[in-house]
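Here the protein sequences line up with chains A and B, keeping their order.
Just so you know, the working numbering puts the end of the first sequence at 312, numbered straight through with nothing missing.
Just so you know, the working numbering puts the end of the second sequence at 470, numbered straight through with nothing missing.
Don't read these hints as lab results, they were simulated from the structure.
There may be inaccurate statements among the hints.
Claimed, not checked - Partial chain A-side listing against chain B, Cβ under 8 angstroms, derived:
| id | residue |
| --- | --- |
| 1 | PRO54 |
| 2 | TRP56 |
| 3 | GLY107 |
| 4 | PHE131 |
| 5 | TRP163 |
| 6 | LEU167 |
| 7 | ALA178 |
| 8 | ALA182 |
| 9 | GLN202 |
| 10 | SER219 |
Claimed, not checked - Part of the chain A face toward chain B, derived, beta carbon under 8 angstroms:
| id | residue |
| --- | --- |
| 11 | ARG7 |
| 12 | GLN53 |
| 13 | GLN59 |
| 14 | GLY113 |
| 15 | SER187 |
| 16 | SER222 |
| 17 | ALA225 |
| 18 | TRP226 |
| 19 | HIS229 |
Positions of the beta carbon are idealized from the N, C-alpha and C atoms, including for glycine.
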Amino acid sequence: MTRLLNRWWEFWFRPAEAADLGVARLLFFGLLALFYLPYDFSGWGDVSRAYLQPLWLFQNLHLPLFSPTTLHAMQIVWKIALATAAVGLLTRLSIVVVAVLGTYLLGLGHNFGQTYHFDALLVLAFWILAFSRAGDAWSVDTWRRRTSHPGAAEAQADPEYRWPIQLILVAQALVFFAAGVAKLWTSGSEWFVSNHLALLLQRVQYNISDADPLVSWGSYISTHAWLYHGMAIGTVIVETAYPVALFSRRLRVPMVLAGIGLVVGIRALMGPTFEHFLLINLFWVPWHRVVSAVPVRARRPVAIAPLVEEPR
Amino acid sequence: MSKSRLLLIHLLIAGVVGGSFYDIVTRQEHWPFSNYPMFARVHRSPVLSWFRLFGVTPDNREVPIVDHTYLWPLDQSRLPIGLRAVYQAEGNGPRLHDAVADALRRYEQRREAGLHKGPELRAMRLYSVDWDVVPYATNVDKPKSRTLLVDVPRENRQ
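Given the sequences, and given the hints that come with them, work out the whole structure.
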């Protein structure tokens with residue numbers, strides 16, 4: 001029992017450097033701010049209610065569907081909050097605003113016609129970060145604190161900088177795992193032994209996705225059984241086994257790269273817009289090592305080891 | 313780390329992990345949690361049946377409404393699936409008519425605002441379209457069959 005508790009503690013709370021969380025926060029919110037900058041959520045405000053199929057969240061919380069004007073105002077606040085969360089200005093408040101408004105704005109479209117899955121993990125990450133101390137490093141807040149208190153010490157390695165990263169990565173692993181389990185549970189081995197993937201790759205050429213495939217290679221793949229069978233088996237293996245990346249140092253890098261490859265492959269060959277889902281992978285990077293490596297980079301290459309190490 | 317802080321963090325862990333597993337095990341979706349069922353069901357038929365909107369131009373040509381700028385933020389997945397859900401729930405009734413009328417209104421509003429370069433439309437039609445699926449979708453303009461479900465003229469859009 002003690003051993004189990006120790007492993008639990010090691011996994012979630014082994015002290016980590018503040019830079020790991022701080023740099024990830026900076027890049028995550030910064031890139032999201034850039035990604036969503038041109039996106040206009042106000043268009044949902046005048047979509048016909050005939051399409052409405054409320055999400056349980058909107059239904060149970062009695063969330064109203066706001067007018068285009070209100071949505072426009074909300075998205076301005078949200079985008080500013082994304083930017084301030086990125087630079088670490090009033091970090092906690094900024095991330096709470098990102099989480100609250102982001103849950104509404106990102107969830108809004110899913111009330112119409114179909115629930116997409118590319119932003120759900122982002123919302124979970126917002127809420128996890130809202131409870132974290134993500135502004136303790138690489139933030140304007142820290143800079144201002146040090147300016148006003150010149151003797152203030154830098155943030156030391158602390159459990160507070162590990163658990164948010166671990167929880168986001170666990171949530172990501174469960175997304176892949178769920179997708180793999182859903183395939184096996186719904187269709188069994190038929191998912192990869194039949195020509196299902198070939199048909200799928202051909203169907204998406206008929207403009208049926210939220211975006212069209214970036215390339216038409218899916219059609220080529222669909223005519224080569226060894227290719228689509230191999231891809232189907234690879235997909236199920238990577239998805240179902242993805243959680244192993246949380247525990248195995250040896251398999252971590254290949255699994256994370258395979259997961260990125262899956263998402264890129266889905267976008268390129270099938271269409272669904274999962275680009276921003278990829279940003280979650282920023283939390284795999286041990287940023288304190290990257291940062292400390294930068295000045296000596298010219299002299300010697302520095303291997304980037306995974307952040308989450310195996311329990312000792 | 314204080315005890316209350318530790319408790320809060322564990323509640324958060326339990327919420328995220330528990331919510332995820334609940335949806336996986338019960339095969340339900342409670343956004344932002346989900347069992348991620350996309351593409352899980354095996355397609356056995358080489359025929360693709362899809363709801364598709366076609367605009368009718370003043371010279372009576374029918375143009376497929378597939379450009380993503382035409383009806384934004386509705387897209388080619390959300391829109392047909394939403395229309396199919398309405399049709400399956402209520403048949404060819406007023407709600408389906410309203411949804412198609414909204415698509416026509418949205419298309420024309422966006423065209424007049426210069427947000428897309430599609431032709432002017434005098435009507436919007438919803439078809440159920442069947443294709444024999446082939447590589448590169450070379451028959452996308454020649455479906456196997458089409459069934460007209462709703463025809464909404466522009467005059468009636470309000």
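Each hint tested on the structure:
1. PRO54: At about 11 angstroms, which exceeds the 8 angstroms cut-off, the nearest Cβ of chain B leaves the hint on PRO54 of chain A violated.
2. TRP56: 5 angstroms, holds
3. GLY107: 6 angstroms, holds
4. PHE131: Given a least distance of 6 angstroms, the restraint on PHE131 of chain A holds.
5. TRP163: 6 angstroms, holds
6. LEU167: With a minimum Cβ separation of about 6 angstroms from chain B (threshold 8 angstroms), the hint on LEU167 of chain A holds.
7. ALA178: 4 angstroms, holds
8. ALA182: With Cβ-Cβ at 4 angstroms, under 8 angstroms, it holds.
9. GLN202: 5 angstroms, holds
10. SER219: 4 angstroms, holds
11. ARG7: 14 angstroms, violated
12. GLN53: Holds - the Cβ of GLN53 of chain A comes within 8 angstroms of chain B, reaching about 6 angstroms at its closest.
13. GLN59: 11 angstroms, violated
14. GLY113: Since the shortest Cβ distance to chain B is 3 angstroms, the answer is holds.
15. SER187: Hint holds; SER187 of chain A Cβ to chain B Cβ min 4 angstroms, cut 8 angstroms.
16. SER222: Since chain B brings a Cβ to about 6 angstroms from SER222 of chain A, closer than 8 angstroms, the hint holds.
17. ALA225: Status violated, d = 13 angstroms.
18. TRP226: Violated: closest Cβ of chain B sits about 16 angstroms from TRP226 of chain A, beyond 8 angstroms.
19. HIS229: With Cβ-Cβ at 13 angstroms, over 8 angstroms, it is violated.
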